[in-house]
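Q: Sequence:
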Amino acid sequence: MRLLADRARHELHAAGARPRRTALSGLAALTPAEHEVAMLAASGCGNKEIAQRLFVTRRTVETHLTHVFDKLGIAGRTRLADLLDGGTDQSA
Numbered sequence: 001m002r003l004l005a006d007r008a009r010h011e012l013h014a015a016g017a018r019p020r021r022t023a024l025s026g027l028a029a030l031t032p033a034e035h036e037v038a039m040l041a042a043s044g045c046g047n048k049e050i051a052q053r054l055f056v057t058r059r060t061v062e063t064h065l066t067h068v069f070d071k072l073g074i075a076g077r078t079r080l081a082d083l084l085d086g087g088t089d090q091s092a
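Residue numbers (my numbering): 1 to 92.
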């Protein structure tokens, strides 16, 4: 059985599949794009500026921030800087 699982893992890796994130909430659950948007938002950038810097739409930024807030268990940008600067993770 283990051989089959190892082969399946190898085939998935060869096909470009990414492993599922184990964390569903907290900082570890953020995708690289969500983390980048969160860092820019925490540094004081507005959605329009973030969109321009990352070459995405403002709606994409809004979606990423919604996911960030949900995963971190916060309501908005106010706690974002504290959490990303090594503060207490709400969901830990």
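Among these hints, one or two may not hold up.
[What the hints assert, rightly or not] Distance ranges between label pairs, derived from CB positions:
(1) 46 x 3: 51 to 57 angstroms
(2) 48 x 3: 48 to 54 angstroms
(3) 59 x 6: 23 to 29 angstroms
(4) 52 x 75: 23 to 29 angstroms
[As the list claims (entries may be wrong)] EDC-like mimics (lysine to aspartate or glutamate), calculated; alpha carbons at most 20 angstroms apart, straight line:
(5) 48 x 36
(6) 48 x 62
(7) 48 x 34
Just so you know, these hints were derived from the structure itself, not from any lab. Backbone N, C-alpha and C define an ideal beta-carbon position, used for all residues, glycine too.
Q: Taking the hints in turn, state whether each one holds.
A: Now the hints, each set against the structure:
1. Range check, residue 46 to residue 3: about 53 angstroms between beta-carbon atoms, so the 51 to 57 angstroms window is met.
2. At roughly 53 angstroms, the beta-carbon separation of residue 48 and residue 3 lies within the given 48 to 54 angstroms, and the hint holds.
3. Separation of residue 59 from residue 6 is about 41 angstroms and departs from the stated range, judged on CB atoms against 23 to 29 angstroms.
4. Take residue 52 and residue 75: their Cβ atoms lie about 25 angstroms apart, and the range 23 to 29 angstroms holds.
5. Taking the CA atoms of residue 48 and residue 36, the gap is near 14 angstroms; set against the 20 angstroms cutoff, the hint holds.
6. The suggested pairing of residue 48 with residue 62 holds, with an alpha-carbon distance near 10 angstroms, which does not exceed 20 angstroms.
7. A distance of roughly 15 angstroms separates the Cα atoms of residue 48 and residue 34; the hinted pair therefore holds under the 20 angstroms criterion.
Hint 3 alone, counting from the list given before, is not met by this structure.
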